[in-house]
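Asker: Given the coordinates of chain H, work out where chain Y should sit on it, guided by the hints.
From first to last, the protein sequence lines are chains H and Y.
Residue numbering for the first sequence follows this note's numbering, starting at 1 and increasing by one per position.
Residue numbering for the second sequence follows this note's numbering, starting at 1 and increasing by one per position.
Some clues are possibly wrong.
Since the list gives no way to pick out one identical chain from another, each pair is judged satisfied if it fits inside one copy or across any two copies.
Once the Cα atoms are required to be at most 35 Å apart in a straight line, the calculated DSBU-like pairs of lysine-lysine come out as [claimed, not checked]:
1. 103 with 268
2. 342 with 322
3. 458 with 66
4. 322 with 48
5. 103 with 6
6. 473 with 402
7. 473 with 66
8. 268 with 48
9. 66 with 6
Derived by calculation from the structure, the hints in this document are not laboratory data.
Number of protein chains: 2
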Amino acid sequence: MPGPEKDLIARFAEIVGPGHALTEPQDIAPYLTETRGLYHGATALVLKPGTTAEVAAIMTLASETKTPVVPASGRTGHVGGAVPREEGTDIVLSLERMTRIRKIDTAGNFMVVDGGVILAEAQRAAADNDRLFPLSLGSEGSARIGGNLATNAGGTAVLAYGNMRNLCLGLEVVLPTGEVWNGLRSLKKDNTGYDLRDLFIGAEGTLGVITGAVLKLFPRPKGHQVAFAGVASPEKALDLFNLAANRCASALTGFELMAHMAFAFTVKHTEGARDPLSATYPWYTLIDISTSDSQQSADDMITALLEEAFEQGLVEDAVIAKSEAEIAELWHMRETMSEAQKPEGGSIKHDVSVPVSSVPAFLREADTAVMAAVPGARICAFGHLGDGNIHYNISQPEGTDKAAFLARWGEVNAIVHAIVLAHGGSISAEHGIGRLKRDELARIREPIEIELMQRIKKAFDPAGIMNPDKVLKA
Amino acid sequence: MPGPEKDLIARFAEIVGPGHALTEPQDIAPYLTETRGLYHGATALVLKPGTTAEVAAIMTLASETKTPVVPASGRTGHVGGAVPREEGTDIVLSLERMTRIRKIDTAGNFMVVDGGVILAEAQRAAADNDRLFPLSLGSEGSARIGGNLATNAGGTAVLAYGNMRNLCLGLEVVLPTGEVWNGLRSLKKDNTGYDLRDLFIGAEGTLGVITGAVLKLFPRPKGHQVAFAGVASPEKALDLFNLAANRCASALTGFELMAHMAFAFTVKHTEGARDPLSATYPWYTLIDISTSDSQQSADDMITALLEEAFEQGLVEDAVIAKSEAEIAELWHMRETMSEAQKPEGGSIKHDVSVPVSSVPAFLREADTAVMAAVPGARICAFGHLGDGNIHYNISQPEGTDKAAFLARWGEVNAIVHAIVLAHGGSISAEHGIGRLKRDELARIREPIEIELMQRIKKAFDPAGIMNPDKVLKA
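Looking at chain H on its own, in the form it has when it is part of the complex:
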């Protein structure tokens, strides 16, 4: 394997100290794969630094010795961004030991955390201080803040609170050269030069390692309510979304759309899942409302919304959760929806967005094109209708060969993405580019855009050692 020589491995290992440098195959194995099994990388060394200074020392040595480094956070990504390359030349830098909540300022409504803090721990630290940290997503029990920032994570509350980029006030970043940029500011307004923060956010670890962050905190909502409704079509769902957005304004925290197939698989395969409605419908919506004043206002708001929706013929049937436990059950179904496809065989996935108003047309056109190309395909579309973001997943036809179906990944992607692009959409709404969509991005974007990104990459990482071959070709 053409990885680093033994004495170089020893020099890296010395930085993090005994027990924090993994070299045994069985210890390294978990760092070589990702959730969907699309990639299987190789490495001679996984480093687990405990401090920003150690990360800086690692990058300094890597820079001197031209050793490629792959930053790893919670490794819950879907595009292969945290997997080392197959050649074994890369070493892995895991943030898993950097889990300090450095500071919580309730008067200033922010907290300062290490890059390795698990998202659920950040949520808990906020809640313990009577605040809300609103980023919420299926993998929150293992995803880490550094990775959430590196991928500009979205999730289920984007409608009210925005993506990770909107939830971050400042960053601490170790640059590919080993220098540290201390941008840990906690200001709401600061127009002092180029926006370095937003450049590192979403760069997927290719411009530096995010070792610390200032995160915004919000008041904990006093009321919370969820409705689950069967609807006749995506058009009706869109009308329902617009009604909800107008009536509830910023109290509308989430608005999810699910195709019947996606919901049926979830009811079938997710433990404890059950259909709360008495009949089946072609589409379902989950409406989440949070109010600042009282539980009563959330209950009243959702009841009035459904009443008007029934009057306008937008919903077929609906239930309102009767407890926090029921709210959690409904959300759990939505969050396990991707997982629930696994027992049904191979799944070709898309994480796309279009303008919100184009979602129904996109779904109609994509369904037609996919069914023509793959007769019997079982389309499990679901996602954040309020953001125009659809996880357009396609399970293999029943009784067909999984490998043969998955071999058509690129072909099916091309069909779906062409429709997305015709609507001015994005081929990666929230999962990022990583390796999976790197070449496709280069194909669909004008050369000048890729060229500008390459110039930034070169300006920040002249040696080309920072998560190379991700996002951009090295």
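Answerer: Just chain Y, lined up with the frame of chain H:
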């Protein structure tokens, strides 16, 4: 004057056509100064292109001939960003003829506009389509969208809607090389590579010329109400803000703080201004609430807020506006506050931010330090308390010499900014860096941060012709 030769001027003039290239001193004069009279530049040529293609042709020729170009928008900035340098080497590129509203999509809640559209026109276009474009600031009648974006403008509704960065979905930018980046996307979520958009926003025209933008539209609030209250201290004002933020959540659109001196000058010098309260108070707050459902809810919300504020002893006296006209009057006083200082002589200005919770301490410390350095100084602090952003303006002592007072600009800045920095604050919360704060920024920031900005500048503008010497030293 060492500007471009005659035949080069003719080549530039040919691009924009007859009547759109200004070379006569009386025509050029307005482009050489800025609002505060701090800079007086020189140029041989002002170009007024009518299309993005013309802007691209100008930049291509400028790039070939190494001609420095200063983009000019509404020229309402406060830091000299749109003024050509004194040597006369720069030419000016004015966006004033590019004023098309290209598209309004009410279903998608966005509009596409030229970079030269006046902010008030953009607001009007949105309102004509029953939507809100929320950016609002004193100079909205002449400021243009391209400049608002280049400076990441803030204004009075940041609390609810964010800065210009939060209000923009996509950009069209002519690069220093003459190439055009078409990033006119209208997606809420799009994680496809580095965040070029936010890099151009706030770059003050040093990385390219913003010729078009996709702006977010919002539902027009159904209710709007403003209260004006006298308070005893910034501490009480902060408590009042926290009360309002908790009670009103996202309905709280603006929360302004004003020192008595600033208010008194405004009542004295702004036409039509009057004190709505029957006694004078050391500090005043203006509270702006917008509700999505009805006027009644805005009235109820502000009444309930003031009742609780009186109960808690947070306000001394308060009025609620009785009409839209009264709301406009109250806001007009706040928006003319800087202008109202002019008849009182010289004013040394600061546009700073600190964490919201630190505003009272900052004001106390700054007042003490400034009064010690400049006995008799009349401190006219006012600003957006909810954003931690204070326009800390200081009018000269009565009966002193204006020039002698203004000669102390740097000295007084140093005093105030030292206190700002001790609170982890920003020396330019919303006005940007331009020329005025360029050298100070380089002094206060760690070298690596300036170095990263320089590398980006070089990557985008290798010839160094794009608004040189602004933000960063050429």
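Asker: With reference to the structure, classify each hint as holding or not holding.
Answerer: Consistency of the hints with the structure:
no., hint, in the structure
1, 103 with 268, "neither (44 Å within a copy, 46 Å between copies)"
2, 342 with 322, "within (30 Å within a copy, 61 Å between copies)"
3, 458 with 66, "both (14 Å within a copy, 24 Å between copies)"
4, 322 with 48, "neither (45 Å within a copy, 63 Å between copies)"
5, 103 with 6, "neither (39 Å within a copy, 62 Å between copies)"
6, 473 with 402, "within (30 Å within a copy, 60 Å between copies)"
7, 473 with 66, "both (17 Å within a copy, 32 Å between copies)"
8, 268 with 48, "neither (40 Å within a copy, 65 Å between copies)"
9, 66 with 6, "within (15 Å within a copy, 51 Å between copies)"
Comparing the model with each earlier hint shows violations of hints 1, 4, 5 and 8; every other hint is respected.
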